[in-house]
Amino acid sequence: MEDLDDLETIANEEKKEITRQEYFKRLQEVKGEINLAWRAEDRIRALKLSIKVARLLMDTSVLQFYPTLFTLVVDVMDMLGDLVWERIKKRAEGSEDGTICSLPDNFVSDDICCEAKETCYNWFCKIGSIHELVPRIYLELAILRCWRFLEDSFTSILQRLVMMMRGLADPLASAYCHLYLARSARSLCSGNDVRYLIMSLGDLSILLRRIILDKEAVGHHFWKNKKVLISLMEPAIDWIMKCIFISGYQNAGNMLVEFGVGTNIAVTARKFPCVSIVLHYFLKHLSADLISNNAVDIIDFIEHNKDISVESHLVYRLLGHKICESQHSLASISNAMNRIMQVLAQYNNLNEYLIIVDAFLEILLLYSMKNYLPVILGGIMKRSQPDKVGDVEMDSLKSILVKIINHFDRLDDVLALDHFTLVLDLLYGSWRNTVYMNMLHKATRSGQIGDPTRIQFLFEASQLLHESIDISNMNDENKHKADLISRFVGMVNFGAEREQHLSFLSQSRAAFDGIDEVKTTLIHSSNNLAIKSIRDNVKFLSFLKSCVAFNEVTVPSISDCIGRMNLYVETAEIALFGGLISHAEGLVTSAISCLQCLETEGSHTSADIDRISSLTCKVCSLLLILPGNHENRPMHLAQNVISTFRCQSLALPRIKVRVFCAIIALSASLSQKKHLYHAKSAEIISNSQLFFGDLSFYEELSSAASLALQILDDIIKEEPHLATRGRLALDSCNCLLVSFKRSPQLRLKCAGLIAVAKSCLNEKDKYLQSTVSFFDRMLSDMEN
Amino acid sequence: MSSKIELKLSRPSRVYRPGECVQGKIITTLSTPISYQKIVITATGSVNLQKVRAGMTGVIESLYSVVKPIRVLKKIIEVSASAGKLGPGRTETPFSFILSPQENVTLASLYETFHGGNISIQYLITADVLRGYLHKPLSTALEFIVENDKVYLVRSPHLPEYVHFYITQDTQKHQLLPELLTGRFQISGKILTECSLKDPISGDLTVETSAVRIDSIDVQLLRVESILTGERIITDTSVIQTTQIADGDICRSLRLPIYVLLPRLLVCPTLLAGAFSIEFQVSIVISFESQLSKLYPKSDLRTPRPWLATLTLPLKVFRT
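Just so you know, the protein sequences line up as chains A and B, in that order. The working numbering puts the first sequence at residues 30 to 813. The working numbering puts the second sequence at residues 27 to 346.
Extracted from the complex, chain A is given alone in its bound form:
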């Protein structure tokens, strides 16, 4: 044993230089040694080693390391505790004749034979003979549960242990020792007797008060370490408080009395020496309902127990959160709120003021105590100096404003609050953006926005938001911002003031240049305006021209090809609707040109491809009413489509077939004497009138149709997938049957296509059957 002592001393000396990991490793080794010694029946050595380990907790010189050290040591203590417990239990279970009768979990000391009791008492004696206080307490706590073999009531034992800990002058050592007691005592199942825990907290409070009041050193710790020291003691206070409440303490109301809440303060001071940090954790674990029912008393209590261990505004914040989560009633709350407002007035520091306001705001709003809002906002203004409001305050300030904004139904009500806009101006950076986002959200949820000053305000907010968007990185937040701005510009409505609206649109275009989404909305809005002006039918032409011109300028800056094409087609429709032929022609040409860049733009999803094909079909349908002239005949643009698609290697055969069928249908429609539909505007002369009897025009049509037919044949032939080929053949066949005059050539052609389809598809295929029956009907019509 002497050798061992030497070894340990050397180890201890070395330990001063070693790292945390090594320390950890050494302790693990000692733990292993204890285990080994125990198994070799050398219990004295196991105990001696454990005492050495417990002794490590006497040293609190490295404050920050102490909690880690504590967990390491407690691990060893628990192991020893288990070993001793098991040994005595085994003793108690084995009877003289060698049989084993296992103890029930809820055994009492009378169930234990003398021999086991003797062994157990011996252990307590051995531990009682340890000289130093710290290891003696820790070892007793390690085997605390063994008292169950000897006693049935543990109150006096636990209270004695708490009292013994008063001998630990070091607050940190004491706090962790109390923590270990609270933890070990749970194994005693001592029911809901928590007096000893309250004693623990009382004693810790005395130590804390000593730290708070002492201007000089406390043990090895100095004034500058006070905060650190208190923060290191917090887990212990938290845990002990938690133990009080989970011990099934039935009458939690008594806890208030126990801590002296709501009683005469003069008496309280003597009863429980409360320290604000203890109070903080008390409130943390106390049920929210109880807090809210005694809110006024608690506020008084907080007022009487302010000290540096925890800043009082943090206690109020906790109180606010607790009241929020409780089942409260208006009566109890309104008193509490009155009191809180009084308390609040004392806080001159902006940050503390904001934190408390933030915590109670929800309650205030919930009970519509709106008369407090101007007071609070005014209070914020009073405490803030411009340019001196920093990052610290921003979080609470943001949270407060967001809560207010979300509370009201209409943004106007929010902006009408006294001081609100002034407070808003205090914000900056991402905090301000968040608030603006909430405002935009609120504004766009409650219908159209018509008030010019409101529009101007939101416009400026949007501009600031826009500045914060990083276009190269459209994450969720940026997308959300873009979405909000776009929704806002969409919701703006100047009513009859269309010119003003249009100028707002161009203003917005200039402001939100980077975001396609917003620009798309702007174009839709401008189109909307155009339609409205056409409908109203008074002197619309110049305004319509401005709208279309606005779009012509805006659309090219949209980066997405398909979106751009869509907008061109949409505007072209409007132009046609209003009779602006040259504009419409230009727009259609631009729309077709969009098709050309498809190939370079890379991959498209199937939805994109569907959009492309339907847009192209729509272009074809517009071509019917878009009047041609001598240079640019209607088919001239159709030719563009043909040539674009012909060399589109990426487009799917399905799309190509649809597009070329549309070309055939277009040719067929144009060749009719009376067109299926015509432009509403009287300005636009129908193509049927323009080219009536123009043979070259008809030739052009038939050549375009036959070219399309030729291409269709090629596509079908080249399609490798059988089922697809069959369907394509049927698509073409249907189109031909509808578009062409009945003739033997047509019959031959269609019969050929049906043959192709039959070779590819199942005979019972519905599409095949319906096409065949259509073909047969047409045929019989022809023969008749």
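Bear in mind the hints are in silico, worked out from the structure with no lab data behind them. Some hints could be false.
[What the hints assert, rightly or not] Listed next, the in silico DSS-like pairs over lysine-lysine satisfying Cα-Cα at most 27 Å (straight line):
no.: 1; chain 1: B; residue 1: Lys34; chain 2: A; residue 2: Lys146
no.: 2; chain 1: B; residue 1: Lys34; chain 2: A; residue 2: Lys118
no.: 3; chain 1: B; residue 1: Lys324; chain 2: A; residue 2: Lys81
no.: 4; chain 1: A; residue 1: Lys155; chain 2: B; residue 2: Lys101
no.: 5; chain 1: A; residue 1: Lys77; chain 2: B; residue 2: Lys224
no.: 6; chain 1: B; residue 1: Lys101; chain 2: A; residue 2: Lys77
no.: 7; chain 1: B; residue 1: Lys342; chain 2: A; residue 2: Lys155
no.: 8; chain 1: A; residue 1: Lys146; chain 2: B; residue 2: Lys101
no.: 9; chain 1: A; residue 1: Lys155; chain 2: B; residue 2: Lys34
no.: 10; chain 1: B; residue 1: Lys224; chain 2: A; residue 2: Lys155
no.: 11; chain 1: B; residue 1: Lys111; chain 2: B; residue 2: Lys101
no.: 12; chain 1: A; residue 1: Lys313; chain 2: A; residue 2: Lys146
no.: 13; chain 1: A; residue 1: Lys155; chain 2: B; residue 2: Lys324
Please build the complex by placing chain B on the supplied structure of chain A, with the hints as guidance.
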């Protein structure tokens, strides 16, 4: 050839009271059978007054050859009076005797087992298997512990009464640090000075004032062993156990418990036996923080140093 002999008592604690029957068995484990003449159990008890520990410079050392051990028990029981044979393997031979004082000794009773610094009271059981002159006997010995039912030397305990005490700079007989004298201190408390062996020494202590920071508060359990030699009584006091009850400069006006379990065997009921006596004391030692104390790191608490304040009270120990 291997032979092993062991003694085993019926009680694992090996504790017996006077008048009780001590039961046990001799267990022999042999590889070859042996024959014996007889098997004898001897129970002896003696008070040894000459036990001198290394390094002790007490006056008792000089008594080494003077005082003879006092025999309090000698019993010889022939377990097997006639010659016989012990077979190979394990053989158990039971025995029993009544624990009663030796008849020809004037002492009225048996003292309790005690292992002290100068005085030890020890009881042994020896088993001998005698095998004639040509063979070495097989023998073994085992200590057993004697406890008394009731105490005969100390008056029977009445209701425990606390002794209230004060420790101040004025109660100290030795020289104190100047800052202790100017700063003053007062420690008060109460303690039970009559204590059952089963119970802890209990009491409490409060540091009411102390200008100088406290380093540690310890409770020492002392034994006072006295031996009568001729006309003289020679007394020696030594520390049995030191128990720290405060570590560091503890809060003022906070009641600290005194809770010291009495170590077994090292403490027996207070004994005044004429030729010798065993008494106990409890001592409360306050160590104050001082630069001076660091110069004497090995100093014990019994030496009156200027940074220590001590209070020693007699402690009567009895058995209930």
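Satisfaction of hint between Lys81 of chain A and Lys324 of chain B, Cα-Cα up to 27 Å: Roughly 20 Å separates the two Cα atoms, so the pair holds.
Restraint check for Lys224 of chain B with Lys155 of chain A, where alpha carbons must lie at most 27 Å apart: Holds. Lys224 of chain B to Lys155 of chain A sits at ~14 Å (cutoff 27 Å).
Hinted pair Lys146 of chain A and Lys101 of chain B, Cα distance within 27 Å: Given that 27 Å is the threshold and the Cα spacing comes to 32 Å, the pair is violated.
Pair hint Lys155 of chain A and Lys101 of chain B, alpha-carbon separation not exceeding 27 Å: violated, 34 Å
Satisfaction of hint between Lys146 of chain A and Lys34 of chain B, Cα-Cα up to 27 Å: It holds: about 21 Å lies between the C-alpha atoms, which stays within 27 Å.
Distance restraint between Lys101 of chain B and Lys77 of chain A, which requires alpha-carbon spacing of 27 Å or less: violated, 40 Å
Agreement of Lys111 of chain B and Lys101 of chain B with the hint, judged by alpha carbon distance not exceeding 27 Å: Judged against 27 Å, a Cα distance of about 24 Å means the pair holds.
Proposed proximity, Lys324 of chain B with Lys155 of chain A (alpha carbon, max 27 Å): At roughly 24 Å apart (the allowed maximum being 27 Å), Lys324 of chain B and Lys155 of chain A satisfy the hint.
Holds or violated: Lys77 of chain A to Lys224 of chain B, with C-alpha atoms at most 27 Å apart: holds, 24 Å
Straight-line alpha-carbon gap Lys313 of chain A to Lys146 of chain A, limit 27 Å: Violated. Lys313 of chain A to Lys146 of chain A sits at ~42 Å, over the 27 Å cutoff.
Restraint status (C-alpha distance of Lys34 of chain B to Lys118 of chain A at most 27 Å): holds, 24 Å
27 Å Cα cutoff - pair Lys155 of chain A, Lys34 of chain B: holds, 24 Å
The structure does not agree with the numbered hints 4, 6, 8 and 12 stated previously, though it agrees with the rest.
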